[in-house]
Amino acid sequence: MDVLMLSRLQFAAASMFHFLFVPLTLGLSILTAIYETKYVSTGDEDYKRAAKFWGKLFLINFALGVVTGITLEFQFGTNWSAYSKYVGDIFGSLLAIEATLAFYLESTFIGVWVFTWNKVKPKTHALFIWLVALASNVSALWILIANGWMQHPVGYELRNGRAELTDFIAVITNKFAIYEFLHTVSGAYILSGFFVMGICGYHLLRKNEVEFFKKSFRIAATFALVFALFEIFNGHLHGSEVAQTQPTKLAAMESVWETQERAPMYLFAMPDEQNEKNSVEILPIPGMLSLLAHHSMDAEIKGLKDFPKDERPPVSLTFYGFRLMVGLGFLFGLLALLAWRARHNPESAPGLLKVLILTIPLPYIAIEAGWVVAEVGRQPWIVYGLMKTSKAVSVLASSQVWISLIAFVAFYSFLGVVDFYLLAKYAKKGPEALN
Amino acid sequence: MYETIWFILWGVLWAVYFMLDGFDLGIGTLMPFLAKSEEDKRYMYNAMGPFWDGNEVWLITAGGATFAAFPTAYAIMFNGLYSALLLLLFALIARGVTFEFRNKVESSSWRGLWDFFHCVGSFLPALLLGVAFANIFAGLPLDKNGIYQGSFFTLLNPYGILGGVLFVLAFVTHGALWLAVKTEGDLRERSLKTAGKTWLGLLLVAVLFLGSSFIHTDLFANYMRYPYLWIIPIIAVLALLSIRPFIMSGSEIKAWAASALTIVFITFFGVAGLYPRLLPSSMSPEYDVTIWNASSSELTLKIMLGVALVMVPIVIAYQTWVYIFLGKKLTKEDLEYEEAY
Numbered sequence: 001m002d003v004l005m006l007s008r009l010q011f012a013a014a015s016m017f018h019f020l021f022v023p024l025t026l027g028l029s030i031l032t033a034i035y036e037t038k039y040v041s042t043g044d045e046d047y048k049r050a051a052k053f054w055g056k057l058f059l060i061n062f063a064l065g066v067v068t069g070i071t072l073e074f075q076f077g078t079n080w081s082a083y084s085k086y087v088g089d090i091f092g093s094l095l096a097i098e099a100t101l102a103f104y105l106e107s108t109f110i111g112v113w114v115f116t117w118n119k120v121k122p123k124t125h126a127l128f129i130w131l132v133a134l135a136s137n138v139s140a141l142w143i144l145i146a147n148g149w150m151q152h153p154v155g156y157e158l159r160n161g162r163a164e165l166t167d168f169i170a171v172i173t174n175k176f177a178i179y180e181f182l183h184t185v186s187g188a189y190i191l192s193g194f195f196v197m198g199i200c201g202y203h204l205l206r207k208n209e210v211e212f213f214k215k216s217f218r219i220a221a222t223f224a225l226v227f228a229l230f231e232i233f234n235g236h237l238h239g240s241e242v243a244q245t246q247p248t249k250l251a252a253m254e255s256v257w258e259t260q261e262r263a264p265m266y267l268f269a270m271p272d273e274q275n276e277k278n279s280v281e282i283l284p285i286p287g288m289l290s291l292l293a294h295h296s297m298d299a300e301i302k303g304l305k306d307f308p309k310d311e312r313p314p315v316s317l318t319f320y321g322f323r324l325m326v327g328l329g330f331l332f333g334l335l336a337l338l339a340w341r342a343r344h345n346p347e348s349a350p351g352l353l354k355v356l357i358l359t360i361p362l363p364y365i366a367i368e369a370g371w372v373v374a375e376v377g378r379q380p381w382i383v384y385g386l387m388k389t390s391k392a393v394s395v396l397a398s399s400q401v402w403i404s405l406i407a408f409v410a411f412y413s414f415l416g417v418v419d420f421y422l423l424a425k426y427a428k429k430g431p432e433a434l435n
Numbered sequence: 001m002y003e004t005i006w007f008i009l010w011g012v013l014w015a016v017y018f019m020l021d022g023f024d025l026g027i028g029t030l031m032p033f034l035a036k037s038e039e040d041k042r043y044m045y046n047a048m049g050p051f052w053d054g055n056e057v058w059l060i061t062a063g064g065a066t067f068a069a070f071p072t073a074y075a076i077m078f079n080g081l082y083s084a085l086l087l088l089l090f091a092l093i094a095r096g097v098t099f100e101f102r103n104k105v106e107s108s109s110w111r112g113l114w115d116f117f118h119c120v121g122s123f124l125p126a127l128l129l130g131v132a133f134a135n136i137f138a139g140l141p142l143d144k145n146g147i148y149q150g151s152f153f154t155l156l157n158p159y160g161i162l163g164g165v166l167f168v169l170a171f172v173t174h175g176a177l178w179l180a181v182k183t184e185g186d187l188r189e190r191s192l193k194t195a196g197k198t199w200l201g202l203l204l205v206a207v208l209f210l211g212s213s214f215i216h217t218d219l220f221a222n223y224m225r226y227p228y229l230w231i232i233p234i235i236a237v238l239a240l241l242s243i244r245p246f247i248m249s250g251s252e253i254k255a256w257a258a259s260a261l262t263i264v265f266i267t268f269f270g271v272a273g274l275y276p277r278l279l280p281s282s283m284s285p286e287y288d289v290t291i292w293n294a295s296s297s298e299l300t301l302k303i304m305l306g307v308a309l310v311m312v313p314i315v316i317a318y319q320t321w322v323y324i325f326l327g328k329k330l331t332k333e334d335l336e337y338e339e340a341y
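Sequence order for the protein chains is E and F. Note that the first sequence covers residues 1 to 435 in this note's numbering. Note that the second sequence covers residues 1 to 341 in this note's numbering.
Worth flagging that the hints you see were computed from the coordinates, not collected in a lab. Source: prediction; values computed, not measured. Hints may contain errors.
[To be verified] Selected chain E positions facing chain F (in silico; Cβ < 8 Å):
1. Ala-63
2. Thr-68
3. Thr-78
4. Ala-96
5. Gln-244
6. Ser-404
Heads up, the beta-carbon is just placed ideally off N, CA and C, and yes, glycines get one too.
Using the sequences and the hints given, assemble the complete structure.
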């Protein structure tokens, strides 16, 4: 394998691994903050224990999220130096703003929150976790503005042999980035809601701390439902934005080979990349794809065959990634609705609780699949329409990248196993009695 | 103009990172030598407890600011120093997780594993950062396309290694002093004693490093041209010398502050000598990466400056508050606190 492919694999490994921990950070910080606020407003000690219990899981998860994030920032330089030079004027500044605006706040106040349970008033203490929650979500906003620019570059001009910023406001109000942000954080909140509900389910089935877990469950169910429904809505908006700005990605997501008006959506299909067709296409809904993508049944969808071969993304990966994400997304909507209906007495729905335990890993899969669609579907571009991934890579010996890739996979797997082991251990242990 | 301002900010970000995370890395490096018991170790972890994560963000910002203000330098430096940088990152990851992991399983071999990670993960960054910066001061073998014509082992030349040793000794001294600030009794005594010893080593190596810099770098060219710059190494030396009497008189806070000042001004010493270069090339001065040929557009520099001028003082304000609020000496009660590391 060449340096390009190795570097792509390494970036995929590092970012997908990092993103195993980010969504729970984004959502569980908010849930923990809500529980602690409930404690402050009601004085109910169970909510204090909830903030401590979920906060502990948050911290175990955060430990790996924060350290693996540094690698991502530095990898643009180590493996994608041509990219860094070419677009650093815009992309680099967005990362730097993210650090100054969000990382300091998040990393400083997480320490303060951990160490001051007995040092400040409950109200002040709750403020600390809100600052952490705010900061981690602000960080998501800036990193997605940066990624959104790679997906749909705006506000720049090609000058001095690189892309230079001309309109900062255009960059930070990029519609693509805003939709991507809403879509990503909603996914993270869904994941967190199901994470909490699944663990509650585990304890409720064992009749362990029933009152405590019912309280946690109720809030998580509402949280998950709100964002599961919002996700379907903003996912549609995001999808039609992709249709406007990234026609090759759209064609790959739906595996459309021929340009057509009134494009149907097939409930079941299998792409055959080699022969540039779908080997299976059944259950079409006529005009549905045109309608979803362009809000008109008659709209034209450009097929993959009408794009040069060297500008098409890998179809199967994009297609299946998209189907998996969307299918799971609807499942989450349904499950969240069922959980929400049972929110006042979940202990009397053991079947649902069992399903919710098994559901814990599914949002992780959906989110990773979504990133596959976003990043693989953007290929062969690193910045859509502006710079090809093959032109972005660093000057390195493939042996260097082989060694680092193997080290990444080995080291990250080890840490990942430890972290999930600890999460499971402390999740099963349940809340400790206060005092 | 903006290029120069960003060059100064670039130096400040690195200096603050070394000053803050330096004591964490120093404590981690010292742990197996200084800790006699599990209780000692817990004092050491908790002395860094609420601070280390916020400290590390200064590294992320230093990297981010390099990317934003001088993307070409960021690309050339990180590409060229690939293996060293990834080693640094793995080490920082290994150290970072230990805080949360080590007390999560009741077993001495479990804790032993993470203590080992913690020590190696603290020592390596200290060493590697020193090696990297000394090599930057001396010039990297960069060709006319900014391609690094060397390997990881090229960095391990005598001057580079001397830089690594300098950083390790500076951080270790700094860490021992922070530990003295945060503890009482026997551990405080031992920390001060250790700092006294490493200080002597630091003094020797600092003198050696300063001397070697005459031979291996042209950092002093700027000092000849702008003599007022001599104030920087003078402050560094005075701060370094004042650590010792503060240790002797048992004023650990003053000693730590002097050590912080030393680290900041050693960094400034190198950075001021580099100006206007970010990465001098040892192959030819024509291939130097400078603030002029590596910077972002003026618009980006302006926007980033705006962000920095608003946000950095705010960050400094709340981080200072955290240090004052949680910087008091650790007690037995603090160790018994249920969320303590």
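key: List of violated hint numbers, smallest to largest   = Hint 5 alone not satisfied by this model.
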